[in-house]
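*Asks:* Each chain, letter by letter, is given below.
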Amino acid sequence: MMAGMAPVSESFEQVAVPHLDAAYNLARWLMRGADEAEDVVQEAMVRALTYFPSFRGDNARGWILQIVRNTAYASMKLNRGAALVPIDDEESGLQLVDPGDDPEATLLRSEDRQTIEHLLARLPVELREVLVLREIEELSYKEVAAIAGVPIGTVMSRLWRARRLLADGANVEARRTG
Amino acid sequence: MSMTRECDMALLTQADFDGELDAVQAAEAERHRAGCAICQAALAELQQVRQRIRQDAPYHRAPDRLRQAVAARLATATAAAPPARRAPAGRWGRSIASFGVGAALAASLMLVILSPGRDSTLDQVVASHLRSLQPGHLEDVVSTDQHTVKPWFDGRIDFAPPVKDFAAAGFPLEGGRLDYVDNRPVAAMVYGRDKHLINLFVWPAQGAADRAPRTTQRDGYNVVDWIEGGMALWAVSDVESGQLGEFVRLWRNGG
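So the protein lines, in turn, are chains A and B.
For what it's worth, numbering that gives the first Met the number 0 labels the leading residue of the first sequence as 0, then goes sequentially.
For what it's worth, numbering that gives the first Met the number 0 labels the leading residue of the second sequence as 0, then goes sequentially.
Mixed in with the good hints, there may be bad ones.
In the SDA-like style, the derived pairs of lysine to any residue whose C-alpha atoms are separated by at most 20 Å in a straight line are [stated by the list, open to error]:
| id | chain 1 | residue 1 | chain 2 | residue 2 |
| --- | --- | --- | --- | --- |
| 1 | B | Lys149 | A | Ser53 |
| 2 | B | Lys149 | A | Asp57 |
| 3 | A | Lys141 | B | Ser142 |
| 4 | B | Lys149 | A | Ala145 |
| 5 | A | Lys76 | A | Ala120 |
| 6 | B | Lys149 | A | Tyr50 |
| 7 | B | Lys194 | A | Ala73 |
| 8 | A | Lys141 | B | Leu10 |
| 9 | A | Lys141 | B | Ala22 |
| 10 | A | Lys76 | B | Lys194 |
| 11 | A | Lys141 | B | Arg155 |
| 12 | A | Lys141 | B | Lys149 |
| 13 | B | Lys149 | A | Glu142 |
| 14 | A | Lys76 | B | His195 |
| 15 | A | Lys141 | B | Gln24 |
| 16 | A | Lys141 | B | Ala14 |
| 17 | B | Lys149 | A | Gly148 |
| 18 | B | Lys194 | A | Leu77 |
Please keep in mind that the hints were generated in silico from the structure rather than gathered at the bench.
Work out the full structure: start from the sequences and follow the hints.
*Replies:* So this is what it looks like as structure tokens:
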């Protein structure tokens with residue numbers, strides 16, 4: 000067949016395999032189920048191999064994560080149409096808790112992993128992805144925008160809403176358990 | 000009802016917190032915060048949320064099982080065929096099924112891809128069109144804005160494809176992706192027409208002279224190809240040939 004493909008494969012693996020953890024982490028947060036996340040990563044890596052000849056090589060992690068993200072959305076769209084309710088980016092969501100509220104009550108009381116996972120899982124997927132990419136992958140607005148395929152301004156407003164919802168959720172949890 | 004307040008500078012405070020501001024902007028944000036209780040509270044809250052996530056949210060590392068499965072699939076995919084001509088098989092085939100593709104589409108895809116001797120450019124663009132209808136294969140950049148799609152191709156492809164939008168005429172641009180035809184990367188632009196899709200494949204014509212559109216059919220799809228301005232263009236769709244012809248006329252006349 001194509002003897003010339005072997006070198007491409009070698010360098011693809013050099014480029015892509017170091018980002019397999021990041022790929023799986025993103026897929027796991029988007030898909031929730033471990034099996035679904037593994038399927039998404041496998042399909043995404045095959046797609047990445049297909050596109051690899053045209054990859055210019057400046058940000059491999061972002062490139063891989065973008066493909067993982069698109070593959071995950073395609074999977075969610077087909078399997079669970081309802082999970083992909085579009086969110087309204089026009090809604091500013093800029094309300095803030097009155098600064099007079101006791102800040103200790105907001106987040107610090109129910110500090111267990113179960114709760115933060117639970118709260119993150121309850122976020123709409125478009126909000127969850129920007130938060131995971133910013134706080135867990137520690138990517139810049141620009142990188143998050145490229146991966147999610149939205150303008151930087153949308154990244155900023157989604158991040159804001161995600162953080163507000165998480166803080167409010169932690170507030171509620173703290174009151175319920177505290 | 001709890002009292003809520005807003006501040007227009009909240010996103011500036013957040014950008015400062017995320018380290019996205021230059022020194023001048025950061026100083027401005029800090030000056031604002033000094034006199035704004037809302038943004039002071041917001042900053043404290045941002046810090047708490049970050050601390051919670053980074054302490055308690057797990058980073059899911061790829062299990063060994065997945066690493067092995069990916070390595071095996073890459074080995075198979077690489078050994079089997081050039082990427083654009085790879086046929087669904089084995090686990091790949093199962094994952095397509097699990098993504099819900101109709102058996103009829105999968106079968107017609109197999110036919111087009113696997114039939115021996117069908118190697119013409121015409122066959123390849125029709126196969127690419129079919130492949131693009133699979134879930135997740137349609138667009139890599141989803142945008143109705145030609146000024147987003149065009150720069151997306153820069154750096155991914157070694158030529159600058161013309162990108163045009165005809166939303167006003169009922170052919171809205173829906174996005175773009177990379178594809179492979181004749182073993183080279185090509186630009187594919189996706190247009191909508193009512194509920195149907197048109198794939199427009201573009202690549203450099205290697206110095207060939209302009210050629211007027213030619214209409215053909217293959218496997219029930221209409222195909223129009225022409226050469227214009229040094230680019231080979233192939234439009235493929237299941238819309239009726241009159242509509243595809245209109246699309247091609249629009250492309251050649253304007254945008």
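*Asks:* What are the numbers of the hints the structure violates, in ascending order?
*Replies:* none
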